[in-house]
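Line by line, the protein sequences are chains Z and Y. First residue of the first sequence: 9, per my numbering; consecutive thereafter. First residue of the second sequence: 9, per my numbering; consecutive thereafter.
Since the hints were made in silico from the structure, they are not lab data. All values derive from a computational prediction rather than experimental measurement.
Where chains are identical, the list cannot tell them apart; a pair therefore holds if satisfied intra-copy or between any two copies.
Calculated lysine to any residue pairs in the SDA-like style (CA-CA distance at most 20 Å, straight line): (1) Lys96 x Met108; (2) Lys18 x Asp29; (3) Lys56 x Leu199; (4) Lys128 x Glu167; (5) Lys56 x Thr185; (6) Lys95 x Leu27; (7) Lys18 x His52; (8) Lys96 x Ser26; (9) Lys56 x Ser184; (10) Lys56 x Gly183; (11) Lys96 x Asp29; (12) Lys128 x Arg178; (13) Lys96 x Glu28; (14) Lys56 x Ser186.
Each chain, written out:
Protein chains: 2
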Amino acid sequence: MRNFIIVGHKATTTPNFSLEDIPGTSGRLDILCRAVTAAFVLSHGIRKDVCVHLILLGGEIPKTIRLVGETLRHLNPDERTTAALLKKALALPAAAEWAMSTSGIFVRTGGLAEVLADLKDAKLIYLREDGADIRSLDAGGLSGDAAFILGDHTGMTPEEESLIEQAGARVVSLGSTSLHADHCVVLLNWLLDTNVLMQG
Amino acid sequence: MRNFIIVGHKATTTPNFSLEDIPGTSGRLDILCRAVTAAFVLSHGIRKDVCVHLILLGGEIPKTIRLVGETLRHLNPDERTTAALLKKALALPAAAEWAMSTSGIFVRTGGLAEVLADLKDAKLIYLREDGADIRSLDAGGLSGDAAFILGDHTGMTPEEESLIEQAGARVVSLGSTSLHADHCVVLLNWLLDTNVLMQG
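Using the sequences and the accompanying hints, generate a full structural model.
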């Protein structure tokens, strides 16, 4: 399984944003929408072996939305449709347990610490520009489940860096050019597809 | 210079589409919008060395929109903003000569044949799933200007295949997994950025 964890530092935790102006009204939920489509959509289908965790920190209480490729429905390649699915998930009363919104989409309260705890058996890979070249990961480096951690446009806080380090993540880089999160996800999928990175 | 040519077989040539439903009202202009942002946007800036040609074939007369990184303004990473810029370009009265819409965005009548004629001195690379592995291109293969030709969700017609072949394009592949055009553009930019493919 390929897991992608994307942290939205200002991303709204309520459904009170406008689909007519996603970047301006949702705390840049558009960044997370694009990461979702980058993770799942193929030219004619959905990647079944992918799971995405969106960590939304722009509200009073953090929320996490989880999208599971195996059962995911209604996802189209365009940004607005994805935002509408997230809006539905955010309209659910969120609690500490996962609640299903639409097929393959779940929501709960909690943030990065909880997701890292869920994924404690996965190989954690934290993408940061000053990390080691991702192509230097040895062939066994991604055997079993992999979980890639990506930030949004604001970068991780020192507390988040610390959490990630304590979880034992390797810090790797896709190069010196600073890329959007969704573009990083596209690259990671391709590197895994083409066995530049090996996955068991 | 990196050129990307994307053919939208059903893409509208008029501004009469809805920003509230881009996929459903514009002949899938959303595919081209995402290819544009994939080509240009970096985490904090715009790629200056990129030029995108969108070939719109969903009207009575083909139109081409050209976006030039060096002078491109007002491009944001979200899909809707890009669609709004293309809408403005399509509202101009189009003729055989380029007319500027907003900074860095130009429109004219004409389609693939005209764009291939404009780029006759560039190394033409046609992305098709059954092509040679892109990593097998020799180091000098992309010295000078490169122009990558990509289709949309419907694939190229036999006539377009023939035009591309006559123009001397090399047929290369990013792998056996069928990817969206915008994801291909992300990968090509990265392969060039990291010198997996060399560019002069």
